[in-house]
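Both chains come to you apart, so use the hints to assemble them.
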Amino acid sequence: MSRRIARLAGWVLAAALPLAFVGVFFAWPVGSIVGRGLLPEGVLDAAGILEVLSRPRTQRIIAFTIGMAAAATAITLVLGMPVAYVLSRLRFRGRGVLRAAVLVPFVLPTVVVGIAFRALLRDTPLDGSVAAILAALVFFNVAVVARTVAVSWESLDPRQEQAARVLGAGPVRVFGTLTLRRLAPSIAAAASIVFLFCSTAFGTVLVLGGAKYATIETEIWLLTTQFLDLRAASVLSVAQLVVVLLLLLVTRLLRGRATTQRRSFSARAPRRADVPVIVATLLVAGALLVPLGALVERSLRVGGEFGIGNYLALASTGDRDALAVTPWQALGNSLGFAAAATGLAMLVGLVASILLSRRSRSDAGRRGLDLLDGALMLPLGVSAVTVGFGFLITLNAPPLDLRTSPVLVPIAQALVAVPLVVRTLLPVLRSVGSRMREAAASLGAPPWRVLLTIDLGVSARAALAATGLAFTVALGEFGATTFLSRPDAATLPVVIYRLIGLPGGDNAGMATAASVVLAAACVAVVALVERLRVDTAGAF
Amino acid sequence: MTLSVEQLTVRFGAKTAVDAVSLSIPTGEVFALLGPSGSGKSSLLRAIAGLEPCTGEIAWDGESVVRVPPHRRGFALMFQDGQLFPHLDVAGNVGYALRVSTRRSAATRPPNGERVEELLALVGLSGFERRRVTDLSGGEQQRVALARSLAAAPRLLLLDEPLSSLDRELRERLAVELREILTTAGVTAILVTHDHDEAGVIADRIGILDGGRLRQTGTLPELRAHPADDRVRAFLG
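The listed protein sequences derive, respectively, from chains H and W. First residue of the first sequence? That's 1 in our numbering, and the numbers climb one at a time after it. First residue of the second sequence? That's 1 in our numbering, and the numbers climb one at a time after it.
The following block holds chain W by itself, in its conformation from the complex (with noise of 0.2 angstroms):
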C-alpha cells in the first residue's frame, strides 16, 4: 500500500520544472515537499494529482495510474486558495464529492448530510451547513476546502500550500489541527510547502526538493543534523 513516483519529470518548454524525481510513500504517512517557490514542488503535486502531462511512472500499489485520469485517480487536491465553488454554501461545497464521484456505489457511504456533518466537525465548523463560502474568513474556507476533500475520501490527499495565504499566528494554529484532522483521518498525504517549522509540524517525513531535484529526504531533526549539502543547509537555516 505505498504510492511510488520513478523517474518523474515534468518539462514546460525548454524549462524542465520537475527533474526525474523518485520517491516512495507509504500508507498512512504525510509527507512533505519542502522547497523555495520556483523549486518545483506545486508542478510534482499537481503531476501526481494527473493535472500536469509528465514522463516517468507513477503507481499505487504497483499499479500504474500514469494513464489514468485526474477523476479516477482516486487523488484529492487542496488548492493554495482553497477554489471553493462561489454558487455552493458550505454543505454544497463538502458534499460536492458525494454528489459527484463515480467511485463508489451509493449502498456503502452514509448518507450526505450525516457525512457533512461529520467533516464540518472534525475541521471545527459545526452548523456552517448553510452559510455562503464567499463571506467566510480566509481559515474558515481553508477549513472547508479541507473537509471538501476530505470528502471524496482520498487514497492519497495533495495539499498544495494550504496554510500559506493565511496570517503567521492562524497559520501556526492551524498547524497543528491539520496534523490532528490528518491524524484523526488516517489518511496518506503528501504537503507542499515552503516553510519548514510548518512541514515539520505537520508531516512525518520532509523531501527537500530543489531545482527540480529531490536532493535528500527524512524527518526534521535529521535533516538538520545531517544537511547532504549547503544548499540543503542554508534552506534549513
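In isolation and in its complexed conformation, chain H is listed as follows (with noise of 0.2 angstroms):
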C-alpha cells in the first residue's frame, strides 16, 4: 500500500509544477484582470459591463472580429486544400521543400507578416485596407491547414475511393460524397484553429489595421495602454474568452474523432488529372513568397536606390536615436530571451506531456488529467495582450514583485509557447503504450528508469522539434513581450514595431531590414526542425 501512496505522492508533485505554473502566471494574471474590470467592488457591474456592450464601437468591433476571422478562415481552407492534397497523395521531387516552404509563413513573427504586406502593398490603395489584413492572415494560416489535413488524408484508405469509382462514380462526385466526408473531421479542426489565430491575431493586424481597422485584441491593447479603460478591455476579454472556450471544446471533440486511426497509405507518382490541383498548388506556394520577395527588396532600397544602407543602419539606434537599444542588441535580448522561454517551456511542456500521456485508473485521475489537458490550452487563444496587461498589475508586490524583473519575458514567451510542446510531444509519448513500459519494468527496470529510457528515449526526437517551435515562437511573441520588456532590454519584434511608429524614412528602412534578419533567423529554425521529420502538424 506504501508503494502506490508513494506513486500518488509522486504524480500530484509532478502535476504541481505545470498547474503552479499555469495557475501563477496565467490563471491569476488574467483573472485579476477581468476581476478589475467585471467587479470593481467585489460585486459584479452589470450595469457597466451592459454600457461596455452597448457601445456602437464594441459592437462594430466584436462583429468585425468575428466576421474577418469567418472570411480568412473560409479563404484559407480553400487555397489550403489543394496543398493538402499535393503533399499527402503525390509523390514527386521538392515534396519536401513545398512542404517546408508551406509551412515558413506560419512561424514568420506576426509583426513581420505585417511588414512584409505593408512593403508589398505601399503606395498602393490596398495598403491599410481590410484586404491588406485578410491577405495576411491567410498567408500566415494556409499552412495550418494544409498540414493539418495532408495528416488526416495520408491515412486514408484509398481503396474506398476506388471502389467508389468501380461503382461508376465520377472523380468529382467520388471527392465530394466520399472523400470530403471522411475529411470533415479534421477540416473542421483546422478551421476552428485558423479562426482562433485569425479571431485573436494581434501584431498582424496592430501593423496593418493601424488605428482605423480594430479587432478585439488590439482593442484591448488600446483600451489598456491609452484610455486606461479597464472595464471595457475586461468585458472585451471576457467576450473573447467565451468564444476562445467554445472553440476549443469544438477542437477537442473533433480531435477524438479525427485521430481515431493512424495509418500511412504511399503516396503515388502525378497523373495527368492531378495537374488543376498541382497548377493550383504551385499557384499558393508561390503567393506565399510574394510579400517575402517584397520585404527583401524594400529592406535593400535606401531612398529609391538600392543598397545595404539599412543592414548598416541596424548597428545604430536609428534616425534621431528613437531607440534605446541598436536592432543588433535587440536580436541579441531577443535569442537570450528565448532561449530562457524555451527552457521553461519545455520543462513544464514535458511534465505536463508525461503526465497527460498517462491513463488513470480512477474516475478522479481521469477528471483531474482532462482539466489539466484544457489548462495548458487556454494561454493559446486568450488574448497574449491581456496576459502582459495581467502580469504588470499582478506580479508587481510582495510576495511576487517582478516588475522590475527581466524574467517577466521570458515567462510570458514560455505560456505561449507551452501549447505547442505538449501538442507536439503528446502525439509521441501517447504512442508509448503502457504494456511497453510493463515490458521494460519486467526486464528489471525501476520506473525512473523507464521513464527515462522509454518514454524520453521514444520521443528524443519530438522533443528536439517542439525545442525549435517553442524558440521560434518566442522569439517571435509580441502581444505580452510589448507590455513587459523594458526599453533597454527590449526584444527585436518590439523594436521593430517602434521603428515603424516613428516618422522618418530611415525608420521604415530599418524595420524592413531587421524584419528580414528576425525571418532568417525564425527559418533557420524551423529549416533545423524540418530536417527532424518529425509530424508537427499536432502543434496546431
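No lab work stands behind these hints: they were computed from the structure. It is possible that some hints are incorrect.
[As the list claims (entries may be wrong)] Partial selection, computed: residues in chain H whose CB lies under 8 angstroms from chain W:
hint: 1; residue: G35
hint: 2; residue: R36
hint: 3; residue: A439
hint: 4; residue: A441
hint: 5; residue: S442
hint: 6; residue: G444
hint: 7; residue: R449
A quick note: this is a predicted structure, and the numbers were derived from the prediction, not measured. Idealized CB from N, CA, C, for every residue including glycine.
Now the structure itself:
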C-alpha cells in the first residue's frame, strides 16, 4: 500500500509544476484583470458591462473581428486544400521543399508578416485596407490547413475511393460524397484553429490596420495602454475568452474523432488528372513567396536606390536616436529571452505531456488529467495582451515583485509556447503504450529508468522539434512582450514595431531590414526542425 | 526452488478474471497455461509478473513476492506482440536489461556486447545487432523479444502467447525452436497459449484454465487420456 501512496505522491508533485506555472502566470494575472473590470467593488457591475457592450464601437469591433476571422478562415480552407492533397497523395521530387516552404509563413513573427504586407502594398490603394489584413491572415494560416488536413488525408485508405470509382462515380462525385466527408473532422479541426488564430491575431492587425481597423485584441491593447479603460478591456477579454472556450471545446470533440486511426498509405506519382491541383498548389506556394520577396526588396532600398544602408543602420539606434538599443542588441536580447523561454516551456511542457500521456485507473484521476489538458491549452487562445497587462498589475507587489525584473518576458513567452510543446510531444508519448512500459519494468527497470529510457527515449526527436518550435514562437512573441520588455532590454519585434511608428524614411527602412533578420532566424530554426522529420502537425 | 501460487484471484470491477488459482512449478520446468480466449490465462500471468493487482499468495522459494514491484521480481514477461522499443536497434533492445537492471552487480556479469552476441546466436539472429527493430519480420521481432527477456537472466520467464501473432507454418517451426532455446537456457517458464499442440511441443506440463479456474494439470497425453470433465475433453478436441 505504501508503494501506491508514494506513486500517487509522485504524480501529484509532477502535476503541481505545470498547474502552478499556469496558475501563477496565467490564471492569476488574467483573473485579476477580469476581476478588476467586471467586479470593481467586489460585486458584479452588470450596468457597466451592459454599457460597454452597448457602445457602437464595441459592437462594431466584435462584429468586425468575427466577420474577418470567418472570411479569412474560409479563404484559407479553399487555398489550403489543394496543397494538402498534393502533400499527402502525390510523390515527386521537391515534396520536402514544398512542405517546408508552406510552413515558413506560419513560423514568421506576426510583426514581420505585417511589415512584409506593408512593403508589398506600399503606395497602392490596398495599403491599410481590410483586404490587406485578410491577405496577411490567410498567408499566415495556409500551413495550418495544408498540414493538418494532409496528415488525415494520408491516413485515408485510397481503396475506398477506388471502390466508388468502380461502382460508377465520377472523380468529382467521389470527392464530394466520399473524400470530403471522411476528411470533415480534420477540416473542421483545422478551421477552428485558423479561426482562433485569426480572431486573436495582434501583431499583424496592429501593423496593418493601424487605428482604422481594430479587432478585439488590438482594442484591448488600445483601451488598456491608451485610455486606461480597464472595465471595457475586461469585458472584451471575457467576450474573447467565451468564444475561445467554445472553440476549444469543439476542437477537442473533433480531434478525438479525427485521430482514431493513424495509418499512412503510400503516395503515388502525379498523373495528368492531377495537373489542375498541382497548378493551384504552385500558385498558392508562389503567392506565399511574394510578400517575402517584397520585404527583402524593400529592405535593400535606401531612398529609391539599391544598397545595404538599412542593414548597416541596424548597428545604430535609428533616426534621431529613436531607440534605446540598436536592432543588433535587440536581436541579442531576443535570442537570450527566447532561449530562457524555451527552457522553461520544455520543462513545463515535458512534465505536463508525460502526465497527460498516462491513463488513470480512477475516474477522479481521469477528470484531473482532462482539467490539466484544458488548462494548458487556454494560453493559446487568450489574448496575449491581457496576459502581458495582467503581469504588470499582479506581479508588482510582494510576495512576487517581478515588475522590474527581466524574467517576466521569458515567462510570458513560455506561456505561449507550452501548448505547442504539449501538442507536439503528446502524440509521440501516447504511442508508448502502458504495455511497453510494463515490458521494460519486467526486464528489471525501476520506474524512473523506464521514464528516462522508454518515454524520453522514444520522444527524443519530437522533443528536439518541440524545442525548435518553442524557440521560434518565443522569438516572435509580440502581444505580451510589448508590455513587459523594458526599453533598454527590448526584443527585436518590439523594436521593429517602434521603428515603423516613428516618422523618418530611414526608420521604416531599418524596420524592413530588421524584419528580414528576424525572419531569417526563425526560418533557420524551422529548417532544422524539418530535418528531424517529426510530424509537427499536431502542434497546431 | 519453486514458484508457488496460492488462491490467486484477479478481479476487474465485478468480473472475476482469475478465481482462486493454486499451482506450483519446480525449477527448470516449462509449464503451459492452456485455455480458450477470455479464460483468464493472461490475467494470471500478468498478476504473477506483478502488473495486475490481485489477492492471494505468490511465493518464490517460500518467500512471498506479492509486495515486490515488477522490476525487482526477476520475472521477465514476453508480450504477444513483442513490445520492442522502436527507438532502439536490435542490440539496444536485447541489451536493455543488462543496462537498466539493478539486480546484479556489474562485476559478476560478462560485458554487454558479448552477452548480446551470445543471445542473438541462441535465437538464430547472429549479426542483427545494428538492424532497426521496425524493419524486422514478425518472426524475427519475436526472436528479438525472446532474447531480450532471456538477457534479464530471469529466475522465471513468462511468455504471453509468444507465437500467436505469427502465421501457422512459422508458428510450428518456432515452437520447436523455442523448446530447444528454453532447454538450452535451462530457464523456468510459464507459457500462455490457446493452442494445445503448441503447449504440447513446448511445455513439460500443462494446466487447463477455464472461466478463471484451473481445471486440471498434467502432461498432454495424461490430459487426453483422463480429462477431468467434459469441458476439458471438448477443449482438447
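For the hint on H/G35, just tell me whether its beta-carbon gets within less than 8 angstroms of chain W.
violated (44 angstroms)
Would the stated hint for H/R449 survive a check requiring a Cβ distance to chain W of less than 8 angstroms?
Holds. Min distance 5 angstroms.
With a cut-off of 8 angstroms on the beta carbons, see whether H/R36 makes it to chain W.
violated (49 angstroms)
Per-residue hint verdict: H/G444, partner chain W, C-beta under 8 angstroms:
This interface hint holds because 4 angstroms falls under the 8 angstroms limit.
Chain W contact restraint on H/S442 - CB to CB distance below 8 angstroms:
holds (4 angstroms)
Status of the hint placing H/A441 at chain W (closest C-beta pair under 8 angstroms):
At 4 angstroms from the nearest chain W Cβ, H/A441 passes the 8 angstroms test, so the hint holds.
Should the hint that H/A439 touches chain W count as held when the rule is a Cβ pair under 8 angstroms?
The hint holds - H/A439 has a Cβ within 8 angstroms of chain W, the shortest such distance being about 4 angstroms.
When the structure is compared with the earlier hints, violations turn up for hints 1 and 2 and for no others.
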